[in-house]
Amino acid sequence: MFFRIMDKDRLPDLVAGLSKGFEVIGPVAKGERFVFERIETPEMLRLDYDTTLLPPKKLFFPPEEQMMRFRVADNEVVDDEVYAAPRVIFGLHPCDINALMLMDNVFLGEYEDPYYRARRESTMLIGVSCKPTDECFCNAWGTDEVHWGFDVFLTDLGDRYFISVRSVKGAELLDEFVATRDADESDTAAFQQHTRNFKNSFTDDLDTSQLPLLLDAKFDDPLWDRLGERCLSCGACSMVCPTCYCFDVTDRLEADGKTGTRVRTWDSCQFTQFAEVAHGQNFRESRASRVKYRYYHKQWGYLSKFERVLCVGCGRCARACLAGISPREVVTALEMGGAS
Amino acid sequence: MPPRVVVVGLASDFGCQVQMTNIEDQLLDVLGRIELSYWQLASSGHMPEEYDVAIVEGAVTTGEHVALLERIRATASAVIAIGACAVTGGIPALATSGSLDDHYACVYGEGDVEVACGRIAPMPITSVIDVEYRVPGCPIDMDEFTQVLSRALQGLSDCIPREPMCAICKTLENICFYERGEVCLGLITRTGCNARCITLGRPCTGCRGLAEDANLESAILLLAERGVSREDLMTRARLYNTLEEAFTR
Ligand code: SF4
Ligand code: SF4
Ligand code: SF4
Ligand code: SF4
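So the sequences go chain by chain: A and B.
-14 is the number of the first residue of the first sequence in this note's numbering; add one for each residue after it.
15 is the number of the first residue of the second sequence in this note's numbering; add one for each residue after it.
None of these hints come from the bench; they were simulated from the model.
For clarity, every value in this text was computed on a predicted model and none was experimentally measured.
Positions of the beta carbon are idealized from the N, C-alpha and C atoms, including for glycine.
Do not rely on the hints blindly, as some may be mistaken.
Okay, the calculated beta carbon distance ranges per label pair [to be verified]:
no. : chain 1 : residue 1 : chain 2 : residue 2 : range
1   : A       : P197      : B       : C173      : 47 to 53 Å
2   : A       : T180      : B       : N36       : 24 to 30 Å
3   : A       : D64       : B       : C173      : 21 to 27 Å
4   : A       : F204      : B       : L42       : 33 to 39 Å
5   : A       : E25       : B       : R240      : 44 to 50 Å
6   : B       : G123      : A       : E17       : 50 to 56 Å
7   : A       : R211      : B       : C173      : 29 to 35 Å
8   : A       : E8        : B       : R240      : 36 to 42 Å
9   : B       : R240      : A       : D64       : 45 to 51 Å
Between the sequences and the hints, there should be enough to build the whole structure, so can you do that?
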C-alpha cells in the first residue's frame, strides 16, 4: 500500500475522468436518505452520506436476478450469460467493504457463484471515510477499519483526501484521471489524528466479549421468546443487511408456456417458508426460533467457519426494524445476563 | 384438447376482469394455451356445462352465488379466486361490520326490500368452497395472475406468498412511511405486488389481505406506541379484510 494526497477540489475531475471508462456508481440522495446509484454528473455523488438504504451487495448479488432462460419443450437452457460491465463503486464505507469480503467467503469459496464472481471481477472499489451515526457499532467488530478489499480509499482531511492505494489498478486510475502528490509527514500526522478522532466519535462501546460462549449458554433463554413476540417476520432486517446472503430460486413460465426463466431472489430466515421442507415440516416454525437463528448464524455459525462474525455493525437492520430489534440490543441483553 | 376455462364474476365491480383485458400481448399468449369457453364480461352466451378451470372474481352476497359456486366446485378441476373480493371479501365484505339490516335500510330505505336471489352476509368465495389458487389484490397484478394461471394449467401447486410487504419494499429502497410518521399496512399485508402503492408514493392499504406470517398482535402494540390505536388499525385493515379473519387466526 502507498499513499497519495489529492486536493478536495479535484474530486469532480476524478469522477468525470472515471466516467469516461467505467460505469460509476456511488451514493446519491433519495429524499432524506441515500442509495447507491449510477453517477451521471460529479455533483450527484454525495460522499457526505451517512448510510444507504440498501448496501452495495445489491450491485453484486441483486435482489432479483435472472440465472438462465429455458425452453419447456426440450428442457434446454437458452441463455445463461452474466452481463457485467466494467464499473467503479465510489464511496464505500469501511463496514460495507468489510461486508463484501464476508460475502466473498460465501460466494467465492467452496461453492463458487459465477454470477457474483463476474460482477465482482468487473468492479473496482473506492472507499471513503465516514462519521459514525447513532446506529453504527462497527467498532465492536473491528470493521470500522479496512486494510484491504478495496482499490483506493479516500480519507477526508478537510481540504484534502489522504489516499490509500491498495491495488495496481487503483494506482493506474489515479495516474490517469487526477493530479495527486506524495503524502508528506504532516499529511501522515493529520491522517493519524483523523483516525484517533474517528475512533473517539463512537457513542458507545458494545461489549462483545465471549459472545459465542454466551450464545451457547443462553440457547434456551427467555430473551428469544420475548424477541419472537415482537418480531413481525417481515424480513426487512435481512434485505438491508450487507452480509445476509440467503436466496430463493424459482422458475417462472412465460405467458405462452413455451419458455421460462429461472430467477433468484433474496430470501430471509425470518419467513416461515425458509425452513419448510416437503410434507410441510418446518424446522423453525416459531418466530422466536427464527429470530434466534439469525443471531446464532451471524454471531456463532459463520464465526466458527470463517473466524469473523457475519455482521459489520452498519446499523441498517436496527434502522429498518419496526419492532426495534437490533444486534446492539440483543448483544447487550446477552452480556447483561439475558432476559432472566 | 386445451383446457377449457370459464371466467365468472360474483359481487364486484368487475375490475379484475377489466384488468385482464389490459394485457393484450400476454393475454393472447395465454389464450393460445386454453379454450376460453365463457367469459362473463365479454361473452353473451351461457356458461357451459363442462369446463376444467374456473376463474372466479367477486364476493359471495346471495344464496344464488353459493349455489353457483357449489356447481363450479363440482365441475372444475381447478378454481382460481381472483381479486380482493373473492379472496378476502374485499369492499363488499365491508358490509359485515355493523348490522347488515341497517346497511340495507340506509341504502334501500326502511321496510322489507326484495333482494334478488336471497341476500346473505358478504364473504369471500374461499368461505364457501375450497379453491386451489388465489390471486389477491385490488385489482389483481397481471404478472401474478399469468403466473398462477400458468401453474394451474401445469398442475403445479399454489404459490401465494405468506410474508408481509416490508421485505420487497426494502429491496425497492422505498423510505418507510413510519419514518415520516405515516401509517402503512405493509407490515401486516401479504407481499406479492412489488409494494406497488408504496413505490408510487402512497402507503399500503392492505388490498392483498393479511399475510399468514404477519404478527398482528405485535403490530397492534407497535402502532399503539406510535399513536395509532388498535381501533384505528382495525378500521384501516377492514377495508379489504373481514374482521373475523383478522381476529381468529
Ligand atoms: S426487521 Fe425486525 S420485525 Fe422484521 S423480521 Fe427482522 S427482526 Fe423481525
Ligand atoms: S446484522 Fe445489522 S448491523 Fe450487522 S451487518 Fe447486518 S444490517 Fe448491519
Ligand atoms: S413503507 Fe410499509 S411496506 Fe414499506 S417497510 Fe414501511 S411498513 Fe413496510
Ligand atoms: S401496496 Fe398494498 S394496497 Fe397497494 S397494491 Fe399492494 S397490497 Fe394493495
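Status of the hints after comparison with the structure:
Roughly 38 Å separates the CB atoms of P197(A) and C173(B), a value that falls outside the hinted 47 to 53 Å. Range check, T180(A) to N36(B): about 59 Å between beta-carbon atoms, so the 24 to 30 Å window is missed. Between D64(A) and C173(B) the beta carbon distance is about 24 Å. The supplied range of 21 to 27 Å therefore holds. Judged by the Cβ atoms, the range 33 to 39 Å given for F204(A) and L42(B) is violated: they are separated by roughly 57 Å.
For the pair E25(A) and R240(B), the supplied restraint of 44 to 50 Å is violated, since their beta-carbon distance comes to about 38 Å. At roughly 52 Å, the beta carbons of G123(B) and E17(A) sit within the given window of 50 to 56 Å. For R211(A) and C173(B), the Cβ-Cβ distance of about 33 Å falls inside the hinted range of 29 to 35 Å, so the restraint holds. About 40 Å separates the C-beta atoms of E8(A) and R240(B), a value consistent with the hinted range of 36 to 42 Å.
Distance hint for R240(B) and D64(A): a CB-CB separation of about 47 Å, consistent with the stated range 45 to 51 Å.
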